[in-house]
Amino acid sequence: AQSVTQLGSHVSVSEGALVLLRCNYSSSVPPYLFWYVQYPNQGLQLLLKYTSAATLVKGINGFEAEFKKSETSFHLTKPSAHMSDAAEYFCAVSEISHGNKLVFGAGTILRVKS
Amino acid sequence: DTGVSQDPRHKITKRGQNVTFRCDPISEHNRLYWYRQTLGQGPEFLTYFQNEAQLEKSRLLSDRFSAERPKGSFSTLEIQRTEQGDSAMYLCASSSNTGDEKLFFGSGTQLSVL
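So the protein lines, in turn, are chains A and B.
One point on numbering: in the numbering used here, the residue at position 61 of the first sequence is 61, and numbering is uninterrupted.
One point on numbering: in the numbering used here, the residue at position 100 of the second sequence is 100, and numbering is uninterrupted.
It should be emphasised that the hints constitute simulated quantities derived from the structure, not laboratory data.
Hints should not be assumed to be uniformly reliable.
[What the hints assert, rightly or not] Straight-line Cα separation of at most 30 Å, DSSO-like style, residue types lysine-lysine; simulated pairs:
| id | chain 1 | residue 1 | chain 2 | residue 2 |
| --- | --- | --- | --- | --- |
| 1 | B | Lys102 | A | Lys49 |
| 2 | B | Lys102 | A | Lys69 |
| 3 | A | Lys68 | B | Lys71 |
| 4 | A | Lys49 | B | Lys57 |
| 5 | A | Lys58 | B | Lys102 |
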């Protein structure tokens, strides 16, 4: 069965500092991997996805993630945090054979300090 | 394209009452998904449709839950004899089956069972 583990339920960074949100997955087949962001009282918005093309994936708002098969990881990074990045971030894995059904991690709340 | 819309945004009900939520997907999307999200957790898969066919149901979906998508367009999720444990955010998402694995989420319906 697929699963996702997000290390750290809360991460706090200073404005302008590096953002690193960790995600490890397990999957019996080559996975599709996603990062979503959720702002308060809103639905989830796709940041980026990995679907077996380039291992370094660039997304919206300056975020990127690197797929590392040997580490079964898909960590999300941003070189310089902005106050508007404060939100909850979810990593998810899917199998195309299961109708794109997503399995989500528990989420990481990012706080950006001024 | 108005995105995925859900109605109502909030629902407060008494234990034992029935509730029904509606989801209108993006018009050209033939896949529709229901997820449930509780505080501090990632969204959990409940069920999904391809057109009007319900292709998969999670074990989380007890007999009190039923979902329909009668004409392959909008969908409803009904919970009968609500319990306090049903209190959660119910999220709807849609996607195409053209090889794009992205799910687009609505803003959700927040259910509170008193």
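These are the hints, each one checked on the structure:
About 8 Å separates the Cα atoms of Lys102 (chain B) and Lys49 (chain A), which keeps this hinted pair within 30 Å; it holds. Of the pairs offered as hints, the one joining Lys102 (chain B) and Lys69 (chain A) holds, with about 21 Å between alpha carbons and a cut-off of 30 Å not exceeded. The hinted pair formed by Lys68 (chain A) and Lys71 (chain B) fails the criterion: a straight-line CA distance of about 42 Å is larger than 30 Å. Note on Lys49 (chain A) and Lys57 (chain B): the hinted pairing holds, with a Cα-Cα distance of about 25 Å set against a maximum of 30 Å.
Of the supplied pair hints, the one linking Lys58 (chain A) and Lys102 (chain B) holds, its CA atoms being roughly 15 Å apart against a limit of 30 Å.
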